[in-house]
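With the hints as a guide, dock the two chains, each given alone in a separate frame, to form the complex.
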Amino acid sequence: MTIESIAFSKRIRAHALRMVQRTNSSHIGSGLSMADIISVLYAKVMQVRPQEPDWAGRDRFLLSKGHAAAMLYAALHESGFFPQDWLERYCEFGSPLAGHVTHCKVPGVEASSGSLGHGLGLACGMALAGKVDKASWRVFVVLSDGECDEGSIWEAAMFAPFHKLGNLTAIVDYNKIQSFGTVAEVLDLEPFADKWRAFGWQVTEVDGHDHAALEAALATRDFNGPPHLILAHTVKGKGVSFMENKLMWHYKSPSPEQLAEALKEVEAG
Amino acid sequence: MRTAFIETLVAEAATDPSLFLLNGDLGYSVLESFAEKFPGRYINVGVAEQNMIGVAAGLAMACKNVFVYSIANFATLRCLEQIRNDVCYHNANVTVVGVGGGLSYGTQGYTHHAVEDIAAMRALPNIAVLCPGDPAETRWATRALVQRKGPGYLRLGKAGEPQVHPGAVEGLAIGKALRLKDGADVTLISTGNMLQTAMQAAERLAASGIAAGVVSMPCVKPLDADFIRGEAGRVRLVGVLEEHVRHGGLAEAVALHVAECPGTKARLLSCHVNDTIASGLVGSQQQLRELMEIDAAAVARRVADALAAKA
Chain D
1 MTIESIAFSK RIRAHALRMV QRTNSSHIGS GLSMADIISV LYAKVMQVRP
51 QEPDWAGRDR FLLSKGHAAA MLYAALHESG FFPQDWLERY CEFGSPLAGH
101 VTHCKVPGVE ASSGSLGHGL GLACGMALAG KVDKASWRVF VVLSDGECDE
151 GSIWEAAMFA PFHKLGNLTA IVDYNKIQSF GTVAEVLDLE PFADKWRAFG
201 WQVTEVDGHD HAALEAALAT RDFNGPPHLI LAHTVKGKGV SFMENKLMWH
251 YKSPSPEQLA EALKEVEAG
Chain Y
1 MRTAFIETLV AEAATDPSLF LLNGDLGYSV LESFAEKFPG RYINVGVAEQ
51 NMIGVAAGLA MACKNVFVYS IANFATLRCL EQIRNDVCYH NANVTVVGVG
101 GGLSYGTQGY THHAVEDIAA MRALPNIAVL CPGDPAETRW ATRALVQRKG
151 PGYLRLGKAG EPQVHPGAVE GLAIGKALRL KDGADVTLIS TGNMLQTAMQ
201 AAERLAASGI AAGVVSMPCV KPLDADFIRG EAGRVRLVGV LEEHVRHGGL
251 AEAVALHVAE CPGTKARLLS CHVNDTIASG LVGSQQQLRE LMEIDAAAVA
301 RRVADALAAK A
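Taken in order, these protein sequences are the chains called D and Y. Per the working numbering, numbering through the first sequence is continuous, rising by one, with the last residue being 269. Per the working numbering, numbering through the second sequence is continuous, rising by one, with the last residue being 311.
It should be emphasised that the hints constitute simulated quantities derived from the structure, not laboratory data. Mixed in with the good hints, there may be bad ones.
[Unchecked claim] DSBU-like mimics (lysine-lysine), calculated; alpha carbons at most 30 Å apart, straight line:
1. LYS149(Y) / LYS37(Y)
2. LYS37(Y) / LYS134(D)
3. LYS131(D) / LYS37(Y)
4. LYS164(D) / LYS44(D)
5. LYS37(Y) / LYS164(D)
6. LYS149(Y) / LYS131(D)
7. LYS10(D) / LYS44(D)
8. LYS10(D) / LYS264(D)
9. LYS149(Y) / LYS105(D)
10. LYS134(D) / LYS44(D)
11. LYS44(D) / LYS264(D)
12. LYS105(D) / LYS252(D)
13. LYS105(D) / LYS134(D)
14. LYS195(D) / LYS131(D)
15. LYS158(Y) / LYS181(Y)
16. LYS134(D) / LYS149(Y)
17. LYS10(D) / LYS246(D)
18. LYS181(Y) / LYS265(Y)
[Unchecked claim] To be clear about the criterion: a stretch of chain D counts as covered by chain Y if any three or more of its residues have a C-beta under 8 Å from a C-beta of chain Y, and this derived list gives those stretches:
19. 106-112
20. 115-123
21. 127-136
[To be verified] Label pairs and their in silico Cβ distance ranges:
22. ALA159(Y) / THR182(D): 51 to 61 Å
23. ASP226(Y) / PRO107(D): 33 to 43 Å
24. LEU77(Y) / PHE162(D): 24 to 34 Å
25. ASP133(D) / LEU77(Y): 25 to 35 Å
26. PHE162(D) / ALA159(Y): 24 to 34 Å
27. GLY230(Y) / TRP55(D): 42 to 52 Å
28. ALA123(Y) / ALA268(D): 49 to 59 Å
Please read all numbers here as calculations on a predicted model, not as lab measurements. Even glycine gets a Cβ: it sits at the ideal position worked out from N, Cα and C.
Next comes chain Y alone, as it looks inside the complex (with noise of 0.2 Å):
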């Protein structure tokens, strides 16, 4: 997702000459093709994050279009009160870029497992929050967030992330859901880089007899209330996956749309990262969503329980 970050965004920077790049030194084997292609709009803050943003809006406010990049933590957590009060109090143009969403960082430990990012940024006003699930979609998202004025966040795994899309995505757009896979008995909902968890699981659900839709959800907010309402009223279950706590996360989100849905009898099912285990454990990260029951396998598992339960 990183490569797939940065080739678009040195694309954009080409043709948009108020694009700027900030970062709290973090970026090695990242940032640099962007450093030298346009070094007069790429400044290294140093280890400073509310500098970064203060100085990112104050840049947004001279009419700059600006993004800022950083460990995902550090980048929204650290800083959140300058994200809150300059920009998007003054629907500043900053988008910041969390590298390492969810449980990327692995054995790395918990000061750098952003999983509660998207509970703090989809809280402010203004913003909008974008995870997207592979690279293909990583390049859309950076292409929608340049093009966008006002704050963002790009919640990015790390590198490497296999492509789910066959190719370039297409339909997606900001406030849109996008799906994937067709299914009748249950529909997986799933954000940031458990996209392709998702497409595991309803592989596996479907040798078992059960027909799993899979709809990716970048968007966190704006949210598709709209499509969340329409599964909620077509199917029995609603699974929901990210790599972030349950609280405020895309399954809250999804819940409320769930339940204001007239007349649906679909359930909640969501797959989200245990804080209690998250805090106390060394895993890889695959190790840790095999502990917290959000791996393929599990998912499956749990989605054929539940619909189990529900007959």
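Bound-form chain D, shown alone (with noise of 0.2 Å):
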């Protein structure tokens, strides 16, 4: 059943619209195209425990695309790590939620980020721990399709399967509009699924609005196999249709009628 995690991608998506048009901060269009990345991964997926966010056998989670902050903070308030009123405070002055990822006395945030191609080295670390140590917890990390520029991510991507690191699943949300322009335009990344075949990875390509094919690529895992790459495709501003593939929501942000009508949207889904 996938009621659960599509009622959470509401409840996020629409947490996330007000944070930024109220604080005016950039990259609603990023966040939204993840927001059911995350709602399956923490509605079904991930072993967390919010009251204790440290607990040592936690499935871990970084967010290497760390614009996207704005929607993590949601999905972490919907899971029960911090109070609403944290949301409300987002980038003003010494709240805790910073415009990019921070770790800083935030429950439930496993690393920051925001420079790009950090967070797969960071997240091979952690896989490589728990296999080291027998482990039965499993490293997941939030890839832009932007940030495959970076050289930084293909050396992790040769290293996690050269240590066959079963124990981590990496997601791009592949919604091929970076920074600047499209990915086919900048810089294009195709044939991108054959890349990470050509590394070692397992790949699986779904739909990553598609709750039920999202969970099904990220419930199970071979421990003993190859790390897995889900090249999911998304649309950039997903669930907001004026928002929907335009490269103008990387920076923008809503207008009250906007965050309205945006609402309106994301509720009749």
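Below is the structure:
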């Protein structure tokens, strides 16, 4: 049943839209494109204990595309890691929640991010520690497509299969629009899935907004197999018609009128 | 220094099961003993320094005590942002070990001269920057960084540096300077592999009637500010010796504290790597030192000149 995660995804989209509107922040398009991915992770897949955020047996989640922080914070709030008033103070002076993912005094955040190309290497280190310790927890990391221009991603992409990190799942939010143009225009990644396969990953391509497909892809792992790369085909700005597939929503924040319209669309699903 | 480092690390790893050693495909004839004794905690990550630091930070976030090893520039400058964001920002328990600090690689050229690494590392938060001056200090520094939680930078020279301390070093602590020799006229403060040069310069000065003290300052960050201010109030000249450019090195750090010392009349003499010469000339470590006037004879002469000018 995906009712749970779909409802979760509507709530976090609404939170994030309000957060960026209130603070005139960027990157709502990037958040909306991965909202379903992290909803399935937090509502259906990952083993975490919001009341015990440092529980040693927890699954680890890293958001390598740290600019989509608002959506992650919304998911952490909806999971019970911190109260809603934290979201309301997003990007305010003295608030724990910065515009890019920060770990400082934020329960549920494993690592800060914001500069691209860091998350996969960190995830490899965590997964390696889990493997050495024969732990049962898994490591999940969400990458953007644009950040796969970074050489550091491919250093880590070589490392993970060689070290047989079967406890590692990387999800690429492949919305096909990067910071200053489409992926096809800026630095085409295709044949993208084949690149990961050639590096030794088990690759699953999914519709990154299909909760059932995401859950099926994310649900189980063979710890003795290769690391898993989920190439999630997504739509930048997904869920708000006038934001979908528009580069400008990497930067713009909605007006109060646009927010009201966006919230209606999100609620209607 | 390399030998002292690896012997100490192997000894520590025997009692600390969380200790890991990563390297960027460098360490031939140095790291093998660790790899043989602790194969499950030794990883050559390949020629991929950014990933080496990322993996190290990820391991540290999962409660491991991680050392990474490469040639100093590759281990620091190539992956500077990973050290800044992944290690220092998270206060992760990762020690970066850079071999070939300063001009150690001599004729191998500028790509291998690590002469800006101290500046880059000491600008970062939470990190301890240790540049031992001889094998004895290397043993102390390695142990200190194994035991300290948080980021560290251990800057080594090469193999075969002379022992300056007569035995195991005593009285050092992170953030503390160590006086090796007393002298009322001038204090020579040395970091890293300039320690023997400082001692030799002091001997030359003694022969010409100048009492030069020698202080080893392996810990560039945190810096022993109280000690520096004490010296600035006591002697006429403070000399700083380092195989590093002036920008962001020990001399700049010392100068700040000398300048802040109330009523000081001490002047500062900086014996550092000249970055314009460093980038354009082939020479051995000793030849380059002579060219840059940071060998023992030049240091002694410059100290004598500075004291004479003062008078």
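Could you tell me which of the numbered hints above are not met by this structure, giving the numbers in increasing order?
Hints that this structure does not satisfy do not exist here, as all of them hold.
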